[in-house]
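Residue 329, in our numbering, is where the sequence shown stops; the numbers in between run on with no holes.
Keep in mind that the hints were calculated from the coordinates and are not lab data.
Take the hints with a grain of salt, since some may be wrong.
[Stated by the list, open to error] Subject to a maximum C-alpha distance of 25 Å in a straight line, what follows is the list of computed BS3-like cross-link-like pairs (lysine-lysine):
hint, residue 1, residue 2
1, K284, K297
2, K306, K284
3, K236, K297
4, K245, K231
5, K306, K295
[What the hints assert, rightly or not] Ranges of calculated distance between the beta carbons of each label pair, as one might list FRET restraints:
hint, residue 1, residue 2, range
6, I264, L72, 20 to 28 Å
7, V98, L64, 29 to 37 Å
8, Q300, G198, 14 to 22 Å
9, Y327, A158, 33 to 41 Å
10, A158, Y249, 26 to 34 Å
11, P174, R99, 31 to 39 Å
12, E232, S329, 14 to 22 Å
13, N144, N201, 33 to 41 Å
14, M199, L75, 38 to 46 Å
Ideal Cβ placement from N, Cα and C applies to all residues, glycine included.
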Amino acid sequence: MSERPERDQGWRIWWQLTRPHTLTAAFVPVLLGTVLALNYAEMDWLLFLAMLTASILIQAAANMINEYFDYVRGLDNENSVGIGGAIVRNGVKPKTVINLAYTLFGVALLLGIYICVNSSWWIAVIGLICMAAAYFYTGGPVPIAYTPFGELAAGFFMGFVIILISFYIQTGMINTIAMFVSIPVSILVGAILLANNIRDLDGDKENGRKTIAILLGRKYAIYFLASMFATAYGFVIILVITGAVTPWMLISFLSIPKAVKATKGFIGKTKPMQMMPAMKATAQTNTIFGFLLSIGLLIGYFS
27 MSERPERDQG WRIWWQLTRP HTLTAAFVPV LLGTVLALNY AEMDWLLFLA MLTASILIQA
87 AANMINEYFD YVRGLDNENS VGIGGAIVRN GVKPKTVINL AYTLFGVALL LGIYICVNSS
147 WWIAVIGLIC MAAAYFYTGG PVPIAYTPFG ELAAGFFMGF VIILISFYIQ TGMINTIAMF
207 VSIPVSILVG AILLANNIRD LDGDKENGRK TIAILLGRKY AIYFLASMFA TAYGFVIILV
267 ITGAVTPWML ISFLSIPKAV KATKGFIGKT KPMQMMPAMK ATAQTNTIFG FLLSIGLLIG
327 YFS
């Protein structure tokens, strides 16, 4: 009778280590890029599933690398907010965490080979660059996350690049429409990182980081977050007005209440735990926005 709760707890430890609330940032771009490709080619389900799985694995591996290096650098403790906590709370060995991250990279690499065989070997080069970016985001001598370029890097690789790869492996081409559609999603992926950095502002400052949130200060970082939301929605309006995409993509505006909740949730808050609902709302904005964009594209495709 006592073994099952222990097994369940063990499962939860490993699940939390992936930071599941971040995994939609890998799922949404693949879905959007694939749905966008329906206007140009018949969907290859196996390529879609391979790309989706590889993207999620790379995101999970990046989270584990983050966990590992933040522990090694003494940044995480058992009271840290927003971490998996496998090392500092549950006693998992740091070496186990980093080796698991490398294993996930290995599986993603095998999936990447399948994708390359059925599309182009240039995808291998791009995929390796994405893996390197995932590693150096918190690894290496000068982690990207410790600089003002964290949001830009996350938005570029987890938004722009993944959407275009997902589109390319289905169609064999890249066009301006795919590039333009990827921009608002890229902005919202960057917003997730900015929200994270607003929450961690005080601790990051103490540890010598130079994130955008630190450089702007909490008040203006919140303004900047709000401007990112506004720019993403504004970009969709421009795409619709210019006829680049179906007006059905305006359905994405149903996610605006989440963006408002996210912005308001940071105002007047200084403690990380107080800002967790705003963090969650920011991630949900990206997820709901991306899903609704995909639904809008599907409605436009079938209408």
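These are the hints, each one checked on the structure:
For the hint pairing K284 with K297, the CA-to-CA distance comes to about 21 Å; that is within 25 Å, so the pair holds. For the hint pairing K306 with K284, the CA-to-CA distance comes to about 9 Å; that is within 25 Å, so the pair holds. At roughly 19 Å between alpha-carbon atoms, K236 and K297 fall within 25 Å of each other, so this suggested pair holds. Distance check on the hinted pair: K245 and K231 sit about 15 Å apart at the alpha-carbon level, within 25 Å; holds.
Simply put, K306 and K295 have alpha-carbon atoms about 15 Å apart, close enough for the 25 Å limit, and the pair holds. Roughly 35 Å separates the CB atoms of I264 and L72, a value that falls outside the hinted 20 to 28 Å. Between V98 and L64 the Cβ separation comes to about 44 Å, which falls outside the hinted range of 29 to 37 Å. The hint said 14 to 22 Å for the Cβ distance between Q300 and G198, and at roughly 49 Å that hint is violated.
One distance hint, 33 to 41 Å for the beta-carbon pair Y327 and A158, holds here, with the actual separation near 35 Å. For A158 and Y249, the Cβ-Cβ distance of about 33 Å falls inside the hinted range of 26 to 34 Å, so the restraint holds. Between P174 and R99 the beta carbons are some 19 Å apart, a value that contradicts the proposed interval 31 to 39 Å. At about 54 Å, the beta-carbon gap between E232 and S329 misses the expected band of 14 to 22 Å.
Distance hint for N144 and N201: a CB-CB separation of about 20 Å, inconsistent with the stated range 33 to 41 Å. The hinted window of 38 to 46 Å between M199 and L75 is violated, with their beta carbons roughly 21 Å apart.
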